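Peer 1: Listed here are the chains, written in short residue letters.
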Amino acid sequence: MTRRHPFTGGAVALAAIALAILLPAPGGTIALYLVICAGAAALGAGKAIRLGLLAVVPIWVLLFVMHGVLGEAPRFALPWGGTLSRAGVDWTIEQGSRLAAIVTASLAFAVRFDPHRFLQAAVARRWPWSAAFLLVATLDAADRFGEQAHRLREAQRTRGLRVKGSLRVRARAIPALVFPLLLTSLTEADDRALALESRGLTHHGPRTAIDPPADTHLDRTVRWASLAAVIAVAWWRVTAR
Amino acid sequence: MSPRLFALVPAAVAINLVVGRIAAELSLPVYLDTLGTMLVAVLTGLPGGALVGTVSQLLAGMLSGYQWLPFVVIQWLIALLAALAAGRGGFATPLRSAIWGAACGVLCGLVSAVISYFLFRGVTAGGVTAIGALLRGLGLPLSTAVTSASVVTDVLDKTVAFVVVGALLRALPKRILGRFPVAARAVGR
Amino acid sequence: MTLVAKELRFRYPAQNEQALDGIDVALVPGAVTWLTGALGSGTSTLLLTLSGLAPRLTGGSRSGTLLSGSHDPATRHPLVDGVAYLGPSPGLQLSGVARSVREEIAVGPMNLGWPRARILDAVESAMRRVKISHLADRAPSALSGGETQRVLIAALLAAAPTTWLLDEPFSALDRASRRSVGALLRELARDGAIVAVSCDDADDMLDVADRLVVLQRGRVALDGDPRELLAGDALLATGASSTDAATLAVAAHRAAPRAITTDALLASISPLPSTPHIVAPAPTIASEPRLQCAQVSFSYPDGPPVLHDVTLSLQAGTAMGVFGANGAGKSTLLRLAMALEQPDAGSVRTLGEDTASRGPEDLAPRVGFLFQQPERQLFAASVRGECAVAPILAGWEPARIRAATDTVLDELGLFDVADEHPYDLPLPRRRLVAFAAILVPDPILLLLDEPTAALDGESRERVIGAVRHRAANGVAVLAISHDSAFAHEALDRAVLLERGRIVYDGAIREVLDDQSLRRPAALAAALRLGLPPGRDRRANVVDVLTTARRM
Ligand SMILES: Nc1ncnc2c1ncn2[C@@H]1O[C@H](COP(=O)(O)OP(=O)(O)OP(=O)(O)O)[C@@H](O)[C@H]1O
Ligand SMILES: Nc1ncnc2c1ncn2[C@@H]1O[C@H](COP(=O)(O)OP(=O)(O)OP(=O)(O)O)[C@@H](O)[C@H]1O
Ligand SMILES: [Mg+2]
Ligand SMILES: [Mg+2]
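Protein sequences, first through last, are from chains A, B and C. End of the first sequence sits at 245 in the working numbering; the numbers just go up one at a time, nothing left out. End of the second sequence sits at 413 in the working numbering; the numbers just go up one at a time, nothing left out. End of the third sequence sits at 1204 in the working numbering; the numbers just go up one at a time, nothing left out.
Because the hints were derived from the structure by calculation, they are not lab data. One thing to keep in mind: the hints can contain errors.
If you want the footprint, here are the derived chain C segments under chain B, 3+ residues with CB under 8 angstroms [what the hints assert, rightly or not]: (1) 665-674; (2) 1074-1086.
Residues from chain A that face chain B, not an exhaustive set, calculated with beta carbons under 7 angstroms [stated by the list, open to error]: (3) I21; (4) A59; (5) L74; (6) V107; (7) S110; (8) S134; (9) T142; (10) A146; (11) F149; (12) L186; (13) S189; (14) A193; (15) D194; (16) A197.
Treat the numbers as computed from the prediction; the structure is a model and nothing was measured. Every residue gets a Cβ at the ideal spot worked out from N, C-alpha and C, and that includes glycine.
Starting from the given sequences, assemble the full structure and let the hints guide the process.
Peer 2: Have a look at this one:
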């Protein structure tokens, strides 16, 4: 499968999120959620569906408790006793499906997101460098953070700190790591500023994309289509009133 | 944007995301997702902190969905408050940090209560909503339940956050602290 | 276009004394200028200031004039201005936005907005000139120390700078790379670039530098022809370190002008009778080896094989060197010995226990492990605190910890900074702190990864002393080094790694002339004088030279 242009995925995800807010719930949002899941699966981001569920199921439960169970009257009786708030249950379904759609769209985008292709695309499009750099460098920083955590951990283990074994042992090892980790990431950022500057990464000016991702007709069509869809739905919602 | 921020912001955002994630996975009653924002706000001032907060929220959306984006307001608010506290030596001792933290917690709690009530009808992320539901169960009206829940959690969260940040700032080597006059003032040096 | 500094002063924020205190230098195109000086003399700061990075990024205050041609470098962006600055700690210099070495090297040109074709050419030729084409597709974060340093030099080269300001660029390089990078610097100068290098290893710079500038407490103490200055007495007064041969001659009270190259030294002693009294090397106690590797093979998860069928054994009281080119697998071998990695095949027994079933925490603190670039692995808020970590974890009581710490800090000359934050110390001392921290719980096996890399002369002597002293007291030492003087003065056995295979295992003398290590003056002299191998050989050579002088 040929990779799409990085902006295309972003546009589709944004459109999906906008639609989730615009479309009438529950019918529209539920349908949208299903479409998003189908799309994610088709684009090889099926992982996002599972992660999405992990993220929203707790929220569904909370919605149900807060509004369904503890909601205002009018309430209706359940066949097996007890009552639920009519409005609350409706809201649970509306908001539940809306959030499910947004979360899954966001995660699908995240799963497919490739920082370095994105940076190349942004540079090729003359996007503001600071913005593009911050996004990508931050994702890298998260990795470096992990590497530095690993380095410190190794150093501490070579001095005799126990990190494996019972839960208590592992729990006690956490603060020993976190505090120095935060400190070194601050001090190292200070040295890194010198490196970034001398490599021109902080320089404001035209840059060259080494391998700009291909932007096909299909990409452009998809992006325009998503925009059109959002506008259309917005128009329909406004005029429908 | 100053070269120093180019290096500092990614590091700080990483701190926000990673620590916040750990706190969430250990299902602690606190978020701890603003440490980086506060640090940069103290070191370089409000704009830097606000930038960290914004980028953090944008990236956090990738992990937990973009519905929580409105809470970026809290990131900005905490950046502002941290910068204020710094200017007034709010991190000089653990006690001072705790007091400032609690005060900021009330403010952030009220603001996030408004966001949470009007945009999400009080149902947001785990811990705080659970407390809200509990209070609701005790018969409080939704608005009161949501407000008190988010004030309680935010006071706890921000107090911890301020104490931790204070400890970090006081432990910074002179070379670093020397470059950030505000931070030096913040810890009363 | 010359780079001229007049009355240049610089003070770091929140520091009382000036780091630069009235520097007058003019760096001319076509010359390689070598900056050196005692610990904290200001060479790094001078490079930062010349590049315009200080005070713009470091904060602090600068006074005096600094002109590159007609403009002040501090007002321009270094890369755009054709200025290449390389910091002293390789690990921190990577851009963090590249997935491969090729991309890493392309970062500079990309930021200059060159046409794509030109960038690709520049990248390829830079990799060729620094001889790292074979690393092109590797991940920058997964390189060995020396490989990283070479990648960084190539990354600067690709942007075709006209002013080179390099801080300790040789620290992690093997001998061959030192030679080729040195040659590269000469080429650059010949092609009209300004080249200034801060380096504490005189032997590395001797054949590269046209001019030596020695700093002392932020002032220019000496400025002139390297060979003349090294041969004279003035250099010693500044506390800067000299060449092997010169140091030896000084130890033997030879008067200036002194021999500064091995050949000159040999020439000066050739007519000597070779019947000196000799201190015999300490005999090694035959017992269970402290470290034993049997047919060890290893490769990193997604990497090529690194070690093949490595077998070695290290006895108590032996100080063994691990030598080999950058990327040969030295650090990896040490990591296996410390149970930080597990062998794919074969077995590693440290202190008589198979590492397969254990981790580093089981070996500490009886085994002391010093990482390459240890400055990135300090985690306490004070030198004393750093030293106390291991003993506390080992359950020592405070009084004992304090006593042990004081002894070690005293031994390494860190006593006066015991309560400083390690990060507040100059890099060489920061590295020394890491060394001190592993010595405090007096381990019986030391695993040291380039313990003298980028150290100033004095710190280097202290490390050499510390290692010798412990080896003499029955501690087993396995040390990686590209530093021939350290190797020769502190070690008595050697294994030589070549692409992950042990190609030599024996007395140190023979290996001390391979591509990873230069033959130090003392060794050459000892061989000339027919002195037996052993840790005390340098002392013997000095004896001979001294007596010879008296005759
Ligand atoms: N970032 C910094 N903040 C405060 N003081 C500093 C900083 N860097 C260096 N100094 C101080 O400035 C002086 C000069 O330091 P510098 O690193 O330039 O010395 P040096 O000649 O490079 O010595 P070496 O390389 O052997 O450490 C020293 O006293 C050092 O402690
Ligand atoms: N984490 C890693 N992942 C993958 N490959 C690695 C990793 N670390 C090192 N390597 C590779 O393994 C080989 C040996 O690395 P090692 O660090 O042992 O070399 P070295 O002998 O210590 O070199 P140097 O003298 O430069 O430190 C090198 O080719 C290096 O690129
Ligand atoms: Mg230096
Ligand atoms: Mg190594």
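Peer 1: Which of the listed hints are not met by the structure?
Peer 2: Every hint satisfied by this model.
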